[in-house]
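Participant: Residues per chain are reported as follows:
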Amino acid sequence: MSIIEIFFWLLSGLAIFSAIMVLISKNPVHSVLWLIVVFFAISGHYILLNAQFLAIVNLIVYAGAIMVLFLFVIMLMNLNADADPQKNVWLKVIGIVTGGLLLTVLVSAVRSSNDLVNRSAELKTGSIGLIKSLGITLFNEYTVPFELSSILFLSAMVGAVVIGKKE
Amino acid sequence: MTLLALNLDWAYLLGKLILIAIIISVSLVIAMYETYLERKVAAWLQDRIGPNRAGPFGIFQPLADGAKLFFKEEIIPNSSNKFLFILGPCLAMMTAMMTCAVIPWSSSLDFGHGPIPLQIADINIGILYIFGVVSLGVYGIMIGGWASNNKFSLLAAMRGASQVISYELAMGIAIISLIFVTGSLSLKDIVGQQIGHTWNIVYQPLGFLIFFICALAECNRAPFDLPEAESELNMGYHQEYSSMKLGFYLFSEYINMFISSVIMATLFFGGYDIPFVNTATMNPNLAAVLGLIALMAKVVVFIFVFMWIRWSLPRFRYDQLMNLGWKGLLPLALVNMVVTGGVVLWLHK
Chain A
244 MSIIEIFFWL LSGLAIFSAI MVLISKNPVH SVLWLIVVFF AISGHYILLN
294 AQFLAIVNLI VYAGAIMVLF LFVIMLMNLN ADADPQKNVW LKVIGIVTGG
344 LLLTVLVSAV RSSNDLVNRS AELKTGSIGL IKSLGITLFN EYTVPFELSS
394 ILFLSAMVGA VVIGKKE
Chain B
462 MTLLALNLDW AYLLGKLILI AIIISVSLVI AMYETYLERK VAAWLQDRIG
512 PNRAGPFGIF QPLADGAKLF FKEEIIPNSS NKFLFILGPC LAMMTAMMTC
562 AVIPWSSSLD FGHGPIPLQI ADINIGILYI FGVVSLGVYG IMIGGWASNN
612 KFSLLAAMRG ASQVISYELA MGIAIISLIF VTGSLSLKDI VGQQIGHTWN
662 IVYQPLGFLI FFICALAECN RAPFDLPEAE SELNMGYHQE YSSMKLGFYL
712 FSEYINMFIS SVIMATLFFG GYDIPFVNTA TMNPNLAAVL GLIALMAKVV
762 VFIFVFMWIR WSLPRFRYDQ LMNLGWKGLL PLALVNMVVT GGVVLWLHK
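Just so you know, the protein sequences line up as chains A and B, in that order. Here this note's numbering runs 243 ahead of the position in the first sequence, where the first position is 1. Here this note's numbering runs 461 ahead of the position in the second sequence, where the first position is 1.
What the hints contain is simulated information worked out from the structure, not anything from laboratory work. No false leads were slipped in.
With a straight-line Cα cutoff of 20 Å, these simulated SDA-like cross-link-like pairs (lysine to any residue) come out:
hint: 1; chain 1: B; residue 1: Lys-477; chain 2: B; residue 2: Phe-572
hint: 2; chain 1: B; residue 1: Lys-501; chain 2: B; residue 2: Met-757
hint: 3; chain 1: B; residue 1: Lys-612; chain 2: A; residue 2: Val-316
hint: 4; chain 1: B; residue 1: Lys-788; chain 2: A; residue 2: Gly-402
hint: 5; chain 1: B; residue 1: Lys-612; chain 2: A; residue 2: Asn-270
hint: 6; chain 1: A; residue 1: Lys-269; chain 2: B; residue 2: Leu-545
hint: 7; chain 1: A; residue 1: Lys-408; chain 2: B; residue 2: Gln-781
Please read these numbers as outputs of a predicted model, since none were measured by experiment.
With the hints as constraints, model all of the structure from the sequences given.
Facilitator: Dropping the structure here:
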């Protein structure tokens, strides 16, 4: 086993374990913290794929900003474990079945996708995740989508400010 | 022996581990003596003598303080969330220490077996790494404040988090305009460009000012120490903490101060560059040691300025803090970014 394989299995195990913990934690604050662990594990995968820029941006945006806001809201809402509404058992069973079906569809779609058949991940060699090549690709080939998405972000921010503003 | 069979450069790994151990212990010792310096500077500014009992000039005062903290009774409130209560100070300490991984402390040493770089990891996104770790620093405060199950702690944690998030924006934009000038995100490259040339402070004076103010806010130093405003929140987010867990919170503030001084020296003041001295012709070991001394001298100046500001200025009110961050620094940083970008573009044409 190479060192990369060891890291891959460790990180995958960590990601799946903490993703399950997000779901089964009774305390919402614990769920948020486990979700942060998931983001760390995924960033570790990015580093294994030689995408350092994506790894650190994933951390800055998700773990550093979005999760802080999640924590903010959850801490101020003061949720308790006993305030958790009891769900119908049948609802749970139906949820499990549909979730499992969705997973099957997704897995089969990904496995048979043209982009993935007979391909393997580029470990330590690919350069698209590095800041230089990513920047060149973004600002040459995908300039219009990039600018459009920034306008979308801006309008979302303006919308949030307008909604949040007290009259 | 499967571990040994791995295809690894064990000498390299061992060297890095030793370097990490040295850097962490040095940061801890420096943070310890920062507390001493803080009290001495405060005393000097207020025309007092300051600590002078333990050892000559009170030089062992930090050791006495540390021992005191260790021997204090450790109290975990009954209604607190025990695990998170302990996790809070650990996270604060860890994020404070993590930043030093990408800092180039000096030029490479050489003992005849090839160069030994005095930097744990030279990654090509060094600045972003620092920015990422800084943005994680808020968790220590938030988790500690919430887990204490105390209204004052929670309010202080919320204040701290919103303050850090607000000032991160202006700081990030100040860094972007610096990157326009350097063209590289690796701290080693940024220092390399400044050695023998003009320091970045000449190109980015406004960017440095913004960065400095934001660094004060990110370290929760006065006049931005709203998370621990004792007059309105008792002690803020670490009110319920005692013993060494309190010590960790206090300590992480001093480590943050040290690391942010190092980063400011590295980004804007040439890092380990010695002004008007050409180190390229010297013995590499001598150059490395002198470079380290130069970096530390710059750092001490910054730390002194941090303390000077703390003991001279009163604390902001909360709305003033938010106004300064969002209506003052952020537009200023944006203007600085646009102007820098325009000038860089114009000069390259």
